[in-house]
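Protein chains in written order, with the numbering used here: chain A, 1 to 310; chain B, 1 to 507; chain C, 1 to 367.
No lab work stands behind these hints: they were computed from the structure.
No residue lacks a Cβ here, since even glycine has one placed at the ideal position from N, Cα and C.
Where hints are given, some of them may not hold.
Label-pair restraints from in silico Cβ distances [what the hints assert, rightly or not]:
1) THR218(A) to PHE26(C): 48 to 54 Å
2) VAL214(A) to PHE26(C): 55 to 61 Å
3) GLN261(A) to LYS196(C): 39 to 45 Å
4) TYR502(B) to VAL255(C): 25 to 31 Å
5) VAL489(B) to THR228(C): 49 to 55 Å
6) ASP178(A) to LYS243(B): 23 to 29 Å
7) LYS243(B) to PHE26(C): 19 to 25 Å
8) SER318(B) to ARG304(A): 51 to 57 Å
9) SER80(B) to ASN162(A): 36 to 42 Å
10) GLN261(A) to PHE186(C): 54 to 60 Å
Stretch by stretch, here's where chain C covers chain A in the computed footprint (C-beta under 8 Å, at least three residues) [to be verified]:
11) 107-118
12) 144-151
13) 210-224
14) 273-286
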Amino acid sequence: MDFSALNPVALLASLMIAATPIMLAAIGELVVEKSGVLNLGVEGMMIVGAVCGFITAVETGSAWFGLLGAALGGILISSIFAFLTQVLLANQVASGLALTLFGLGVSAMIGNGYTGIKPPGFNTVNIPLLSDLPFIGPAILSHDPIVYIGILLVILVWYFLNKTKNGLVLRAVGENHDAAHALGYKVIWIRFSAILFGGMCAGLGGAYLSLVRVPQWTEGMTAGAGWIALAIVVFASWKPFRLILGAYLFGGVTIMQLNLQALGVDIGIAYLSMAPYLVTIIVLVMISSNHLRSSANAPGSLGRIFHASQ
Amino acid sequence: MSNISLLEIDGVSKSYPGVIANENVKFTIKTGEIHALLGENGAGKSTLVKTIYGLVKPDKGLMKLNGNLYSPNEPRDARSCGVAMVFQHFSLFNALTVAENIALGMESPPSIDRLSSKIETISIEYGLPINPEKMVGSLSAGEQQRVEIIRCLLQNPKLLIMDEPTSVLTPNEIKTLFSTLKKLKREGTSILYISHKLEDIRSICDTATILRGGKNVGTCDPKKENVRNIAKMMIGETIKIPKKKSTISKLIALEVDCLNWVPRDSSQKQLKNISFKLLKGEILGIGGVAGNGQDELTDILSGEILSNKSTIRLFDNSIGDIGINKRRLLGLLTAPEERLGHAAIPDMDLIENTNLTAHTREKLVKKSGIIDWKKTQEFTKNIIKEFDVRTPNAKVAAGSLSGGNLQKFVIGREVLQKPLVFIVNQPTWGVDAAAASSIKQAILDLASTGSAVIIISQDLDELLELTDNFMAINSGEMSQKINTQGLTVDEIGLMIGGTGAYWKRHD
Amino acid sequence: MLTGNGMIRLEKRPQPSKKWTSITPFLAVLATMFVGGIMFWALGKDPIEAIRIIFWDPLFNPQFASYARPQILVKAGPLILIALGLSLGFRANIWNIGAEGQYIIGAICGAGVGLAFYPSEGWFIFPLMVIAGALGGFLWAMIPAILKIKFNTNEILVSLMLVYVAEKILVSVSLGLMRNPEGGGFPGSRNLQYYKAASNPELISGTGMHWGVLVALTLTCLTYIMLTKHTLGFQIKISGQSNKAARFSGTSPSVVTAICLGVSGALAGLAGLFEVSGPSGQISIDFNVGYGFTAIIVAFLGRLNPFGILLAGLLMALTYIGGELAQFMLGLPAAAIQAFQGMLLFFLLAGDILTNYRPKFTYKKRL
Chain A
1 MDFSALNPVA LLASLMIAAT PIMLAAIGEL VVEKSGVLNL GVEGMMIVGA VCGFITAVET
61 GSAWFGLLGA ALGGILISSI FAFLTQVLLA NQVASGLALT LFGLGVSAMI GNGYTGIKPP
121 GFNTVNIPLL SDLPFIGPAI LSHDPIVYIG ILLVILVWYF LNKTKNGLVL RAVGENHDAA
181 HALGYKVIWI RFSAILFGGM CAGLGGAYLS LVRVPQWTEG MTAGAGWIAL AIVVFASWKP
241 FRLILGAYLF GGVTIMQLNL QALGVDIGIA YLSMAPYLVT IIVLVMISSN HLRSSANAPG
301 SLGRIFHASQ
Chain B
1 MSNISLLEID GVSKSYPGVI ANENVKFTIK TGEIHALLGE NGAGKSTLVK TIYGLVKPDK
61 GLMKLNGNLY SPNEPRDARS CGVAMVFQHF SLFNALTVAE NIALGMESPP SIDRLSSKIE
121 TISIEYGLPI NPEKMVGSLS AGEQQRVEII RCLLQNPKLL IMDEPTSVLT PNEIKTLFST
181 LKKLKREGTS ILYISHKLED IRSICDTATI LRGGKNVGTC DPKKENVRNI AKMMIGETIK
241 IPKKKSTISK LIALEVDCLN WVPRDSSQKQ LKNISFKLLK GEILGIGGVA GNGQDELTDI
301 LSGEILSNKS TIRLFDNSIG DIGINKRRLL GLLTAPEERL GHAAIPDMDL IENTNLTAHT
361 REKLVKKSGI IDWKKTQEFT KNIIKEFDVR TPNAKVAAGS LSGGNLQKFV IGREVLQKPL
421 VFIVNQPTWG VDAAAASSIK QAILDLASTG SAVIIISQDL DELLELTDNF MAINSGEMSQ
481 KINTQGLTVD EIGLMIGGTG AYWKRHD
Chain C
1 MLTGNGMIRL EKRPQPSKKW TSITPFLAVL ATMFVGGIMF WALGKDPIEA IRIIFWDPLF
61 NPQFASYARP QILVKAGPLI LIALGLSLGF RANIWNIGAE GQYIIGAICG AGVGLAFYPS
121 EGWFIFPLMV IAGALGGFLW AMIPAILKIK FNTNEILVSL MLVYVAEKIL VSVSLGLMRN
181 PEGGGFPGSR NLQYYKAASN PELISGTGMH WGVLVALTLT CLTYIMLTKH TLGFQIKISG
241 QSNKAARFSG TSPSVVTAIC LGVSGALAGL AGLFEVSGPS GQISIDFNVG YGFTAIIVAF
301 LGRLNPFGIL LAGLLMALTY IGGELAQFML GLPAAAIQAF QGMLLFFLLA GDILTNYRPK
361 FTYKKRL
């Protein structure tokens, strides 16, 4: 076997691309969970974003409009979840599952005529001098803009949560909704907005899959990426910067597995392609077995229904 | 205190389905007075203060603040008018720091650094020491209350509402609180002080308004009025004082020997070196401030948490390592503190809730595992009858019962199984006086038939009234056992604070 | 509703309304028909015709009924089996959403035992396969169970991840280990329908009734008895209401977790075995068609009640057949029916508000 065929520059570059959709979806879900809501429908929102983004990009000829379409699609479908859980006080676990099942169905339906088309793409960012640096240039500094937007979004979320009053309020609502209500904060409104933000991010993540990563539309193309995003939020202990680490870790596993397949490593393609899912399980076990650490940062009201009785 | 009225409450009414919480309530709070709002659990005090704080909108009636119409739509309105509130169940966020918690209660907080120094200034000025960078979850109940008070003081309130502020404090902490309140009063702040404890009110309040069944049944000067009269106004009927006759034998019913327990989870308290003997027919009181290990001790004694075999002995059996159902069969029964969600399940009916704990000792499940629902129903009806549980029938969800009725059901369910040892945590917490009195009598009667009882409580008066012997619990350790007779509240206060002659620390 | 001073206020009922619990599924079906009709209309189809084709024609149109009616039992069998198992966990707040994976593994294990005996005949082969199928599903579900008990790992994510792993295994065995040596190189195993000792045939011709359907019907009754009369059912119920109260009652959360996940895995495995040895006939790349996920909807639509699940399974099977028919008759996209089923779950969850809360209409008035 010839491992020298693995080019570290190409590996690092494709790792960043593989990590981006998961990172986008996960940072949205992190905000949602910080507000005390567990939305298990990330997979459904991602696939709707993927199809909406794809169709908009193909019809308008612009990948940027595609992103806009994906964001709107994600917001729209997450608003169903928000309405069910915040206004009609439905069970969050069941509503999230419903969102995923519905999203998979609806995306397949509207994407019916779009299989096999190539979508318009993004131009890569070209920073004079920097992008020409050896190794770092091609590996890290010459991607499409979304890769950097993803990282920027994580930084912005960190700033919002830890440095602004509204971020503090959002954390407070997630920590103890009864106390936040008693202080006069609008729990439902805040959570509703967080859910829509989560929908937007998941939609963008989905669009990145269908417009850049793959790039084409196929039914069920998210293949569990939304669920992995959920796992990454747990892995990151609800901390934005650890989330980048988590996304790159999974990006790395995916890329490694694909490259080993390409090299024809003798353990069977089927077994290699299980790797991302098995790694997710192993990481979840490692994080959750450390009971003190995993529960320390979990929002206190996560998944609980809020009703301002009396 | 002046004669200028600060807040006039005029004919406020509020009803919920099936309950009238407030009916035509009228009274006036003057500038710079400490005004008590006195009443039993369920008298409508909470609804009224929530109305003043903008959390509840009244169906009818007016409020005037400084002569102007006052109708807050939300707490923010109330705060901007100078009304601040310290909640009974603190509205604090455990995973946030003291400074962040305080910032959340302010309209436009300064930066966290500037706020922290402000907090330090105020905390020194009012004798409320606190570290602004600490996580609220790591503070004691008394310290958490300080956070709430400082949060209010930073807004320079004209009216400070305090809902049952002493219920979680040690006698020493109560003294500190009262001196803070007196200082505020001297500075011209009015305080609306909600409580059901007559003693507290007599020591610091200038005026008392008494609520019963949602109505204002009188306003008086609590220092001048006869205690019995106030109690009568508050309760409306004369409460039977429980009768006690001691029947302690020499036989040891329960023995705890060198119990050490380390929690898995940081939210629980470690227990250290606990040893005591409980005699047949004895009522032992365990007193302490909330969160000092009472819940953990209850769960370890009941068998929800297992320990070493030899640490707990029930008569001739070592039971430290056997589960709750086997302990029930041997005669050890428990009524935990949290009624809804631990002792009973709110969404299930009373019959199902009977089966929850009575299934082993009352043989409500056949050998095949089939539940005998008929027998369960009969036992439930018996509980309802013997303990006067006010409910339309046995098929009503436990959560729809009032606190007092549910507690009568929970206590009745265990007592009627004839326990040899009965452990009860906070038997009358949040229960109306009539129900509390019948629960107390039931516990005394149980002991007089030879059962041994442990009462774990934060209500020191209750412990003085019911128990033969007393132990204090503090930071997961327990004091020596002493005779309750002759103990004063002050001595107990020292003991539950963890100091005094009855402590032998094992370090 | 949002602010408390609007036109509609929600008041929590003292206890969940039994009446609304049974009415809401019907309302949800009606609402789904209505909104689904709008969706079909948006796709350029006649909504009334589409709804008729989905819900009426498979049962009563003489042209299709003879084919479609037996298909309903064929499709409802696995849905009911899986949903019965899932409903136990859902009652106890244990969320096995990986039934699809357990279904696949059950089928692979069961078929594997059958194929191992090929071509010998013997009465014991099929019963052995049934045991292997149940055991396979059981063991696959015990992975999230043990991880949850030992390490407190979230069973939702683990069971779901294992679906993808099971799908990869399915691909691998279809192409390798279990490929039909006489299949001319095509992926997929031998067809068990043609191997008598290992096949699960239609028991009464023209009904679609096979062993799996019989087992599903029997288990519906047994589950009902277990839930209402047996202490195990009671323990599952209290675990879902409050973990603390369950522990106080002497119920071990670990045991309940193991039972709920284990039983649901075994039932999903059984469903897979009956499918692979009967209607489907062989292990192949596209063996699983999403029954494991649709069963989640069936469990909720049936209100986690065994007889409710029976009805819901039949209805959901009807939408599958009707969907195929609409695809054939109107050119409706295949995925439309999946969206339709998802929508049904939305309406059902939305309807739950009527079970737990009482809407109160008030006039807007202020002081």
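Status of the hints after comparison with the structure:
Taking 48 to 54 Å as the suggested C-beta distance range, the pair THR218(A) and PHE26(C) does not conform, at roughly 37 Å. In this structure, VAL214(A) and PHE26(C) break the distance hint of 55 to 61 Å, their C-beta atoms being roughly 42 Å apart. Checked against the given bound of 39 to 45 Å, the beta carbons of GLN261(A) and LYS196(C), roughly 41 Å apart, stay inside it. Between TYR502(B) and VAL255(C) the beta carbon distance is about 43 Å. The supplied range of 25 to 31 Å is therefore violated.
At about 52 Å, the CB distance of VAL489(B) to THR228(C) agrees with the hint of 49 to 55 Å. Range check, ASP178(A) to LYS243(B): about 41 Å between beta-carbon atoms, so the 23 to 29 Å window is missed. Distance hint for LYS243(B) and PHE26(C): a CB-CB separation of about 59 Å, inconsistent with the stated range 19 to 25 Å. Range check, SER318(B) to ARG304(A): Cβ separation about 40 Å, and the 51 to 57 Å hint is violated.
Checking the proposed 36 to 42 Å range against SER80(B) and ASN162(A) shows it is violated: the Cβ atoms sit about 27 Å from each other. At roughly 23 Å, the beta carbons of GLN261(A) and PHE186(C) sit outside the given window of 54 to 60 Å. Counting residues of the region 107-118 of chain A whose beta-carbon sits less than 8 Å from any beta-carbon of chain C gives 4, enough to reach three: the coverage restraint holds. For the region 144-151 of chain A, the stated coverage by chain C is violated: 0 residues have a C-beta nearer than 8 Å to a C-beta of that chain, whereas at least 3 were required.
Here's how the region 210-224 of chain A fares: 3 of its residues keep a CB closer than 8 Å to some CB of chain C, so the rule of at least three is met and the hint holds. Only when three residues or more bring their CB closer than 8 Å to a CB of chain C does the claim for the region 273-286 of chain A stand; here the count is 8, and the claim holds.
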